[in-house]
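Assemble the whole structure, with the sequences as input and the hints as a guide.
Line by line, the protein sequences are chains A and B. Numbering (numbering that gives the first Met the number 0) for the first sequence: 0 to 263. Numbering (numbering that gives the first Met the number 0) for the second sequence: 0 to 945.
A portion of the hints provided could be inaccurate.
The calculated label-pair distances, taken between Cβ atoms and stated as ranges, are [claimed, not checked]: (1) R940/B to F39/A: 24 to 34 Å; (2) K60/B to K130/A: 26 to 36 Å; (3) K657/B to V34/A: 55 to 65 Å; (4) I41/B to Y33/A: 31 to 41 Å; (5) K165/A to K378/B: 24 to 34 Å; (6) K184/A to K694/B: 57 to 67 Å; (7) N875/B to Y33/A: 23 to 33 Å; (8) K346/B to K184/A: 49 to 59 Å; (9) L691/B to V34/A: 51 to 61 Å; (10) K184/A to N851/B: 41 to 51 Å; (11) K367/B to N27/A: 52 to 62 Å; (12) K328/B to F39/A: 51 to 61 Å; (13) S191/A to K60/B: 48 to 58 Å.
DSS-like, lysine-lysine: derived pairs with alpha carbons at most 25 Å apart [as the list claims (entries may be wrong)]: (14) K894/B to K45/A; (15) K174/A to K894/B; (16) K44/A to K526/B; (17) K736/B to K40/B; (18) K236/B to K187/A.
Just so you know, these hints were derived from the structure itself, not from any lab. Virtual Cβ for every residue (Gly too), placed ideally from N, Cα, C.
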Amino acid sequence: MSEKAFLVDTTKCIGCGACQVACKEWNNLPAERYVFFSAFDYNIKKNLSAITWCRVTFFNFNSKTKNTLNHKKWDMVHQKCNHCRDANCIKSCPENAIYKVDGWTLINQDKCIACGACEKSCEYKAIHVLKRNYSSDQKMYKAYKCHGCIMNKVNKPLCQQVCPTKAITYDYRLKLIKAAQARLKKVKQKYSNAYLYGLYEYEGLNVLTILKNKPEKYGLPVNTSRKSIKLNKETTELYTLLSIFSFGSKYIKRGIYKFTKLIT
Amino acid sequence: MSITRRDFLKLSGTILSASLVTGISTITNNKYNSKLRGSKKITTICPLCSIGCNVDIYYKKNKILQVRGDVNSPINEGTLCQKGKALSQLLQNKNRLDKIKYRPPYSNEWQTISWSKAIEKIAIRIKKTRDASFLDKENNNVVNRTEGIISIAGSNITNEEAYLFNKFSRILGIPNVTSEPNLKKNQVSSALSETLGLDTMTNPFSDIKNANLVLIIGFDPAKSYPIVFKHMIDARKKGAEIITVDPRITRSAISSDLHCQIKPGTDIAFINGLINYALQNNKVNKSYISEYTDASFLVDDKFNFNSIDKLFSGYNPLTKSYTEKSSWKYKYDERGNPYRDEELLNKKSVFQLMKKHFSRYTIDRVSKITGITGEQFLKTAELITQTANQKKSLNVFWGGGITDQKSGNQAVRGLSILQLLLGNIGVSGGGLFSGKTEANEQGVYDQVGDWNFLPGKLPVPVIDNKQKDSDLHSYIRNNTVVSNDPMSINQWSNVNKYFVSFLKSWFGKSASSKNKYNFDLLPKINKKYDRDTFSREFLSGKKYSGALFLGADIVHSGINKNQVNNALSTLDWIVVSDIWGNDTASFWENNKLNSKSIKTEVFMLPTLSLSEKEGSLTNAERCVQWINGKSFQSKKIKTELQFLNSLFNKIKSLYSEKGGVFAEIFKKVNWKYNDGDITKQIAREISGTVNLAEKLTTDGSTKCGNWLYCGMYTQYKNNTERKNNDSKNMKISLYNKWGWSWPENIRFLYNRASVDRSGNPWNEEKWILKKGNVDFIGDIVHGKGDVENKNPFSLTREGVAHLWSPNTYNGPLPEYYEHEFDEKIKKNKILNDDYYYFASISNINESKISKNINWLQEIEPVLYCELSRKTAEKKNLVNGEEVTISSFYGEIKAKVLISTRFNKIKYNSKIDDFIYIFGYKGTEVLNNVFGNVKSVLVKIRKEGTI
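In structure tokens:
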């Protein structure tokens, strides 16, 4: 019951990017080192990263087709960790460093050994291991992602707080589902393919998104309930056994994890 | 009890701050301490665009922790956009300038000098130049002007600084005083004043949500004005629709209900088509236009329009301009009032002339010119003309896409005409909005204006062949607008009161009726100081020897960059102030110039951004808000205000010690400011001794620095400091106790047009003025007198809005010219060359001062150009590759982005594609290629090829 969630209404999103800057400001994240729009359309990176936990993408549904002049084929989407209820990252973490509080998926960075198992298992590409030391405070070789702003004690996440058009709302999940379904009915009058994403995926997401079109067009996975992975038992057992010899050193643990992955 | 969203925000803000103080949070994780615990808060104004959002800055030990929207502000309602959120990177940035840099003549490096030394050096230079170039008489007329100095103000200074800068410059006798945005724009502002009376936006931003329809043209508010788009989304929640007209698929276009993707440069045809649809289908607000506009006026019999070469009468083919505009005038009776035909049936009436003129813009023709389908145009026109209904209102919002064009003033005229025909000016949910990029663009325009304006748009005394303002009487005679129409309020008939009060505030006790309020001391200009002449003379590098650029970056103000660099190298000294180092100050480092051979001395002063200063700021909706800023710099940095004051006092003491030309003016000028509360003293001087402009007198008993701002800071109260968001129990939320809005705290300009002759609002649902028991209730009435007998537009001569403009330099009605483009080709000598592509410019995320904020650069990174797949294939380009784009004005390097966002365009056999260039350093880099035009012909060269 106490699970909280976001509702992102893309029909209200204007793509300004305030959420992205607000997230960076509150969490002390540096700017990306960019070269150019190196990803699709108007985005400098393909995915979120260890220093970009939240962003807005501006893209075409299908960049490859030539006729893209219809403005309905373009869209903006707010992206961040979806906080799956049945999260792959939790299952894949060998150190059980990822846990749930009030619906939010959080990383205990004291435990994190930066093995990258979560990064590989996440279908939304939301969790990332920091590859480079950015010299700003507390940034270490660890996994990072959106934590619903609960690590910094705000009772309203910053992306929600700042959004000029109130495209993001934040409340108890059950309450939001009702609101979302009512809104979806309205949106469907204008966008017949509109879809509420996050009801069933990975046993339900804690970020519900009202999309103007089918989720496939946005590159989002559907029918995911069966896809959820189970970590290879052998790997887990072997890792648990071997990690005894790490003497608590994270560096060694990471090596051991890579080794176990290799031999199993 | 009903809780509004504002109350809810307030409540949650209180809960939040309470929880911060007590450390209670719903979700606790003891490992991390709350970031804001123990922090202090200041409220200031965001300097990154001209909306004027209020921001709360939380800081601890001079380190900024968070920037947050002020929940009380009716402008941003607790939210912020990406720019405002990134403010902390502006306030604390290692690229900020913190020392005075000095470049001696013929040197190739900067030196650091102290404040007092800099002031002394600059004062000596100014005195020397003034003594050498002072002209006291021209053809036996006293002119008292210093011709050797240029003064240009940028738009990131407060109203007080801008006012003092104007005073400083004019007292020294400098005739070349102008503001930076004015150098860039092509007479767009005059289009509004010629139509309605004042050249500013009509309604407050918070009123957008009362619109029934929003038309955005040539602008992307979703990206550059997100807080405004927020109000549009609020309007949509109430059932409004949003239409975007833009050649690109922008974020606004995606977020709107209808997108008209017209060809670039065809907007006048589009607007004229809309006007024609309204006129032909009789979807106009008849009672509004016959009463409140000049639709019923008769035009001179000699007027005609040649529909073959599309020229109005009075065209001079030699000068390629309209030299003889007498045939555009109204037909006047013996008392000087225009003849009228209330039935609007006379063939020579403005209404019938318009009907005839616009009838050529049929749906087929518009669709052919603009490239959108007939059905789509019809749908748009149908939606827009529905607002001719008195119960509905349309909100028009335009931006750089319109105003940066060569014929931008006619596009703005067209939009104003459309709004007037539909009866949407002066009413709630209607009005005209324009996007401005720099924070205090409006305020600097009001205080500095242009070469021909004193503060408050009072004309500068002119002495030339046509006009002789040789004494106070002739000045007032020449500049007072006379109207014999009893219906007209005609505020410009009070020029004498405004001007005498203005002289009193500049010259104080020394000004009296005996010496004609020291009128003789003011510099007199001849009309040779207009922008074109100025840039020609400046670029020729002969006339000037010094320049003051206060927060201005003239290298990027729209004149050919290479020529400006050369012109700067002919000057003896320049003074530049900016928060970053800018290209004007470091022009001598330009690799094309040999710095060892340049004599120019450069003083580069650091300064504070607007949110760190103290003073008032006027946002685009004319709301003047007081800033109580705080600097987060490690070093103490002085502002332009302190600079101007110290510099003036230094110059004054130099003149009293050593003497010099026309030194008596320094004794007579009213310039006594204490360093402590100089800002407030100047604010009081601007506002004057009375609280209403109508109380100003001609007998020298009142003072007022700028009559438009009269009442801003009265004896008792600084009105701009008010922060009361009480909306007066009106349905439309009139926040008239938030800050202060010029003139007279009127929030809706021309609001008398929202009621009929008997004082009843056209629309009861959205009234802004209404007859109460005694007087009007609601907003303050714009222009005095009863509604029955007085017309609503108090600043035009006849008291009505001008559908017809007898004074606009390029025609009384807007007309679309295809050949304008051809002329450009000839001008750029394109035919002998290979400038194949038609390019246009846009800014991203940027105003001039936000160039070093990397959180913003991350959203849209480097300077890039968008071009079509076809061109990319032809030139063998791939995404991200660097190309050199060159035009008549200069060249830049940009990265290529192969785009699918805009239509293919074919102008002729040679020019067949379109390129969009997006800026990373705002207008800075782009003007190298663009000059002061919106679009230009360019050629692209891949690196390593010819």
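Going down the list of hints, with the structure as the test:
1. R940/B to F39/A: 24 to 34 Å: 27 Å, holds
2. K60/B to K130/A: 26 to 36 Å: 32 Å, holds
3. K657/B to V34/A: 55 to 65 Å: Distance hint for K657/B, V34/A holds at roughly 59 Å.
4. I41/B to Y33/A: 31 to 41 Å: 33 Å, holds
5. K165/A to K378/B: 24 to 34 Å: 29 Å, holds
6. K184/A to K694/B: 57 to 67 Å: At roughly 59 Å between Cβ atoms, K694/B and K184/A fall inside 57 to 67 Å, so the hint holds.
7. N875/B to Y33/A: 23 to 33 Å: Since the Cβ atoms of N875/B and Y33/A sit about 25 Å apart, the hinted range of 23 to 33 Å holds.
8. K346/B to K184/A: 49 to 59 Å: 56 Å, holds
9. L691/B to V34/A: 51 to 61 Å: 59 Å, holds
10. K184/A to N851/B: 41 to 51 Å: 47 Å, holds
11. K367/B to N27/A: 52 to 62 Å: Check passed, 56 Å falls within 52 to 62 Å.
12. K328/B to F39/A: 51 to 61 Å: 59 Å, holds
13. S191/A to K60/B: 48 to 58 Å: Because 56 Å falls inside the window, the suggested range holds.
14. K894/B to K45/A: 19 Å, holds
15. K174/A to K894/B: Since the Cα atoms of K174/A and K894/B sit roughly 47 Å apart, the hinted pair is violated (cutoff 25 Å).
16. K44/A to K526/B: Violated. K44/A to K526/B sits at ~55 Å, over the 25 Å cutoff.
17. K736/B to K40/B: 23 Å, holds
18. K236/B to K187/A: 16 Å, holds
Violated hints, listed in ascending order, are 15 and 16; each of the other numbered hints is respected by the structure.
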